[in-house]
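Colleague: Chains F and X supply the protein sequences, listed in that same order.
Under the working numbering, the letters of the first sequence match residues 3 to 332, in that order.
Under the working numbering, the letters of the second sequence match residues 3 to 332, in that order.
Check each hint, because a few of them may be wrong.
[What the hints assert, rightly or not] Only part of the chain F face toward chain X is listed, based on derived beta-carbon distances under 7 Å: (1) 14; (2) 41; (3) 50.
[To be verified] Listed below are the simulated BS3-like cross-link pairs for lysine-lysine, each with C-alpha atoms no more than 25 Å apart in a straight line: (4) 158(X) <-> 280(X); (5) 275(F) <-> 311(F); (6) 157(F) <-> 275(F); (7) 48(X) <-> 118(F); (8) 48(X) <-> 48(F); (9) 48(F) <-> 118(X); (10) 149(F) <-> 149(X).
[Said to hold, decoys possible] From the derived model, a few chain F residues whose C-beta atoms are all more than 12 Å from chain X: (11) 29; (12) 107; (13) 188; (14) 202; (15) 230; (16) 290; (17) 318.
Please keep in mind that the hints were generated in silico from the structure rather than gathered at the bench.
Built from N, CA and C at the ideal position, the CB exists for glycine as well.
Spelled out, the chains give:
2 protein chains.
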Amino acid sequence: MTERITKAQGSGGAATSELIREVFADELSNEYLMEMEDAAAVPGEKRLAFTTDSFVVTPLFFRGGDIGRLAVAGTVNDLLCRGAEPKYLTAGFILEEGLPVEDLKKAVHSMGECAKEAGIKIVAGDTKVVEGNGGMYINTAGIGFIKEGEELSAKKILPKDTVLISGNIGDHHAAILSERLSIENEIQSDVAPLCVMARRLFEEGVEVHCMRDITRGGIATVLAELAAAADKTIFLREETVPASAPVRSLAGILGLDILTMGNEGKAVFFVPKEQEEKALSVIRSSPYGENACIAGTVTEEAPGRAWLKTGIGGTRRLSPVQGEGLPRIC
Amino acid sequence: MTERITKAQGSGGAATSELIREVFADELSNEYLMEMEDAAAVPGEKRLAFTTDSFVVTPLFFRGGDIGRLAVAGTVNDLLCRGAEPKYLTAGFILEEGLPVEDLKKAVHSMGECAKEAGIKIVAGDTKVVEGNGGMYINTAGIGFIKEGEELSAKKILPKDTVLISGNIGDHHAAILSERLSIENEIQSDVAPLCVMARRLFEEGVEVHCMRDITRGGIATVLAELAAAADKTIFLREETVPASAPVRSLAGILGLDILTMGNEGKAVFFVPKEQEEKALSVIRSSPYGENACIAGTVTEEAPGRAWLKTGIGGTRRLSPVQGEGLPRIC
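The shape of chain F in the complex, shown without the other chains (with noise of 0.2 Å):
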């Protein structure tokens, strides 16, 4: 094979066959991808939850991911949120011609390990190739299970529901940007998927009303996105949401509102007052957070808006990301 990619890999004939065979399959193996037939046939269930990711991150390579990592944990986290169990996963891939061989085995191995950590199977997948600067850009779809009971969506969002933070935000933001700058730091991207999390709440009897993962437009976007959903309104207090030293310090000296910066791996859970304490221990027991954190409460009040407790005793609107926020940051 060439160490580079080219046109004809994307011919759909003998070189696409080629690098199927050569990097995808041995990476990605499983009884539903190697039938290699147009489609995948897998076993269904009554209740789906079904969704799309594209992923056009850049560097492709960063501290503590990678766009395989990406493509995998973004579209299994959007899974959770609906209260599913993430099963399957398909993976389109639009290569630009230049793109070293070497960099599509790493990521599509870094797919592997994570549809391994996830318990998702990658069962079916297609390869274009365009034109361009040796890019890479990585579609997933994905089915999860949705058991009686667990769906979950924002309407669910009662009024004195509280709002946990799964752990410190602004990490990815964070380290994308210190890759762009070349700033050195010890900022690792947080992408991960959230499984084990998200069914231990449900294992443990944690009542989860609703689960949003913290992406693209930070967790200022999701709650004003929330908030409308559900007509009720939504507080964050801002001396609780958590966040490390050194990603505060580089939104601090970059201008960067931490609130609306982007996460691969954490997430917003509502939960009945009550229960506040229970889910809490059970996300800080689980694998990714350790720093969770009781930052917000709901109330009924329409129509539904989100808002800021300063750590002033001011208060403020939160609104979604204006203008371009980071491009290409997932």
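Put chain X on the given structure of chain F with help from the hints.
Modeller: Structure of chain X alone, referenced to chain F:
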């Protein structure tokens, strides 16, 4: 909203919401999509087909179709090839800065129309914006329900099966090439969902063993791959392969082999010899099937290879397309 796509529309914030509201919601609206959760929650079934395809065709609009119709029909046809009834789609858009919003609207409109024709619902989506020259990539992933006894696979091909081709080949390839070379002719892409044709074969009691859509790489690639997967020998009779006069003429002038030309609304079916006439008549009476032909046969010789019986009495091996083929045909 701006007239051209900007980075802000990929932020996941306010501008993304506006784009979703003004471009996607109207054209694709259904009860699942409009819940606007991280994942759609949909009714499932015991056995599922699951597949994905990314579409990078250039130009975005061509005679007979556009990238939107292609993105829906392509994935729908892959589901049909597994014997499934297409049910749900996701759509992931990667938009290049500068893309006219009107072009996006036209493509999304085509997706909505094609989804209606195919009886499939687009239940979840995602939008990213990257640098570039105003181009657009669309990924679709699809779920279909497989009824008991209707699962199709290359492995079900049997010796003595008849090979049917559902209509004229080469149309999509010739249409794309004509656009690129500014050749004026009457050729239109054949891009179409083959739901009615596939469903009717089952309903009429035709025992379909295998169905495969004839896309990138053409009938030569498809038959070579199927012969290998089934470990049977497939013979194709050159003089019975259907193609229109303008496509044959274009292929002749440009020195193209119509057997390696791509299609987006044609399939090859394998059925028991006893049912070949019935299958032919069902296909011919279905939308997009009027030019169907009986075109070949299967023998049990291994290793699985595909052969062409030429018009002058010779035999040559059919191979998957070598080299680039026609880049970005789909």
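Colleague: Enumerate the violated hints, using their earlier numbering and listing them in ascending order.
Modeller: 15
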